[in-house]
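Trainee: Sequence:
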Amino acid sequence: MSAIADHPGIELVEPRGMPFATRRKLFLVVMAVPVVAYVLVVGIWPLAQGIWYSLYDYNLIRPQRTKFAGLDNYVEIITDPVSRQALINTAIFTVGAVFFELLLGFMLALALWRDDRFNRFALALILIPVTITPLVVGLIFKGLLAADYGMIGYFLAEWGLTDPRGLLADQHAALATLIFIDVWEWTPLVALILLAGLKALPSDILEAASVDGATGLQKLRIIVIPLMLPAVLLALILRTVDAFRVFDTVYVATGGGPGNATNTLMLHAVKQGLEFFNIGRASAIANLTLLIIAVIAAGFVMMIRHADKKANGK
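Just so we're aligned: the sequence shown equals residues 1 to 314 in the UniProt record's numbering.
Treat the hints as calculated values from the structure; they're not laboratory data. Hints may contain errors.
[Claimed, not checked] Here are the simulated SDA-like pairs of lysine to any residue, each with C-alpha atoms no more than 25 Å apart in a straight line:
hint	residue 1	residue 2
1	271	81
2	142	152
3	271	245
Please construct the entire structure, taking both the sequences and the accompanying hints into account.
Mentor: Below is the structure:
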């Protein structure tokens with residue numbers, strides 16, 4: 001370059017081709033194509049196909065009798081007692097599980113707030129249930145609570161504390177037992193999220209409150225909980241969305257029984273599609289579940305934004 005610069009008669013000419021900005025945009029488009037294709041094939045296309053099927057009376061046993069049904073499949077979900085019971089069970093399960101997980105998770109997070117060796121070891125231990133898949137958790141508790149051979153269920157039945165057939169076979173206790181199983185598995189995750197929120201709290205505000213003579217309860221009510229709202233709402237949305245679409249644990253533990261006492265929307269959709277081959281009804285149930293989850297998620301996202309702005313004084 002210095003040799004060229006020493007000869008003023010020589011002009012530097014830029015290489016011909018596309019400008020850098022155009023090449024950069026083209027590179028980004030090429031990189032995004034596989035992602036967009038994946039979303040279309042795995043996400044958008046099955047969703048569109050499910051919406052299309054839900055508008056038809058479509059059964060794999062009699063495909064030749066398929067006909068357009070409009071919104072009849074959705075109306076039947078509301079009018080059918082089994083579908084209504086599945087919706088009620090799902091709502092009860094979601095509210096009960098998320099309530100206790102938030103309550104116990106917050107208590108665990110407060111107990112593990114202090115950063116010392118014992119708390120770090122305890123946190124590693126309590127996270128073990130989260131590492132187990134829900135399918136395996138359902139099988140474990142089904143074995144533990146069985147009245148004839150279970151390590152827990154046998155003694156509960158012998159002492160007359162449960163139904164002779166076991167907790168999971170008791171129509172009045174099966175759903176509550178499933179809520180307990182879900183709380184056992186996912187409370188550590190909620191505690192971890194809330195603990196991260198506690199660790200992020202500004203220490204100077206807490207120290208100033210201590211200097212002013214605020215008690216632990218006052219600091220919790222006036223400082224900790226308001227500043228923790230974004231973390232609380234994040235845990236709330238994650239667990240609510242996941243609990244509302246519960247399937248694995250219920251499927252292996254009770255199969256929706258006894259009767260329809262533990263039948264949930266996702267399990268009901270699977271039964272309609274894979275047992276009765278009623279693809280139209282199964283698609284309608286799945287779409288309704290997705291719509292409810294989307295509404296819940298949108299509501300919680302708005303609450304998170306509002307709480308975050310309030311916490312930051314905006």
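Trainee: The structure should be examined with respect to each hint, and the outcome stated for every one.
Mentor: Structure-based check of each hint:
no.	hint	verdict
1	271 / 81	holds, 15 Å
2	142 / 152	holds, 10 Å
3	271 / 245	holds, 14 Å
Consistency with the previously given hints is maintained throughout, with no hint failing.
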